[in-house]
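Asks: We have chain A; now place chain Y onto it with these hints.
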Amino acid sequence: MNRQEEPVELINENGLRIDGRRLDEFRPIKMKVGVLDKADGSAYVEQGKNRILIAVYGPREAHPKHIALPHRAVLRCRYHMAPFSTPERKSPAPSRREQELSKVIREALEPAVLSEYYPRTTIDLFIEVLQSDGGTRCAGITGASLALADAGIPMRGLVAATAVGKIAGQIALDLSDAEDKQGEADMPVAIMPKSNVVTLIQMDGGLTHEEFERGFDIAVKTCHTIHEQQKAVLKERYLAIKEEVEGKSESTKGEEE
Amino acid sequence: MVAPGEILAEGRYLSGENTHREGERVYSSRVGVVEIVGDRLGVIPLKGPYIPHVGDVVVGRVVDIAMSGWIVDIDAPYPALLPASETFGHRGPRGRVDLSRIFNIGDLVVSEVLAFDRTRDPLITAKGPGLGKIASARIIQLSPTKVPRLIGRKGSMISLLKKGTGANIIVGQNGIVLVSGKSPDSENAAIRAIRMVEREAHTRGLTDRIQAMLRTRIRGE
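Listed in order, the protein sequences are those of chains A and Y. For the first sequence, my numbering gives the first residue as -15, with consecutive numbering after it. For the second sequence, my numbering gives the first residue as 47, with consecutive numbering after it.
Isolated chain A (complex conformation) (with noise of 0.2 Å):
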């Protein structure tokens, strides 16, 4: 039943990559915050063929109770992928690899929460992948502070994600599965752009030096994009109805600065 992986060029003659994206291209990331109504917060991120729904639930009350910090809120993450995420069915018990990302995920997140504000509560965060090609955990996290964010947990920043990988010799950014599989490293970045911060980074495979220099730079780069759009998405859904309301004149004045 194993599914041998078809022999592809990662690069072609042209510098393309499998999805015709150049090397130093990211698949673009479309993301969207408020899609539950019953959690707190709540994220949808689509990146490439990835989808990712993420859903905050609290501050609230911690259950059990032995786990509540007197000083601090504790934040509790979920990674998961759903069964149908995969060309072959995940089963949906959390994998190690699952719990691993879980722990990453949330460490890459918890300098970015003011979380002694709230003490003694849990802030849960659910990252439920329901289509998956690669860079999983970097939309995760990308999206999983915009469902902060939206929860309206008081936060020193956001925080943005993503990959560099070496494919066929060269650095490239933003690997894709297939991608990740057959080439020779991949390096998933998560930093907090406002004050340049590194909360994530892992190696998959391996770099030179020079080959590690060049990708983190274009890595983090790459999350000062994102960053952008982060904001921009926090606040258009808010801008929308001033827009309306207001009318167009006066909301572009206010969206200065």
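Since the hints were made in silico from the structure, they are not lab data. Errors might be hidden in some of the hints.
Stated by the list, open to error - Computed footprint of chain A on chain Y; a stretch qualifies when at least three of its residues, placed anywhere within it, have a C-beta under 8 Å from a C-beta of chain A:
no., region
1, 60 to 68
2, 75 to 88
3, 122 to 130
From the three backbone atoms N, C-alpha and C, an ideal C-beta is built for every residue, glycine too.
Replies: Showing chain Y alone in chain A's frame:
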């Protein structure tokens, strides 16, 4: 409008509500609208949890009966405690008093926050004018961050709604609003107006639009 982490100012500004300071810079901590009062920068949030403050009137639901009081869900991250001594109808030692005869599980109680400091759960009272059990009303819920807008400056918005619709409106600071009117029509009008305030809370000239909407409704009937 700002998102979390956006810089608001640099230099000699005070960091107010929903902002934080890093060195010389003041940043926003939440999604909201910037407010400048003197040299203090604040952000009025558009969505978020209810955090109790002493003196707030809140609408809660009794979820449990304890030894000498009730546990009330006030839609905050912390459950509220309503001691039996903070209600009417429980006077002196008459032996065991059945607390469920005063407030039972599921009852709605209008109450006021007596004490709260985040290290302990909020304490509330049902003793006072306008406080106590609610027999019947339409319940609507909105984001607690929009309550100040619904009340308006010195209660201007809420009195406009009451006058304009003829309905009685009790606003809990926790975002739970009780509407009761003489006719379903007046209740519906009030609810529609409240929903409009909720949706357009971050815009200017809202009071005028609400006034206009209520006036056309009255003329329409």
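Asks: Run every hint past the structure and note whether it holds.
Replies: Verification of the supplied hints:
Judged by the Cβ-Cβ criterion of 8 Å, the region 60 to 68 of chain Y is covered by chain A as claimed, because 3 of its residues qualify and three suffice. Coverage of the region 75 to 88 of chain Y by chain A holds. Counting CB-CB distances below 8 Å, 3 residues qualify, and the rule asks for three or more. Coverage of the region 122 to 130 of chain Y by chain A holds. Counting CB-CB distances below 8 Å, 3 residues qualify, and the rule asks for three or more.
In summary, this structure violates none of the numbered hints.
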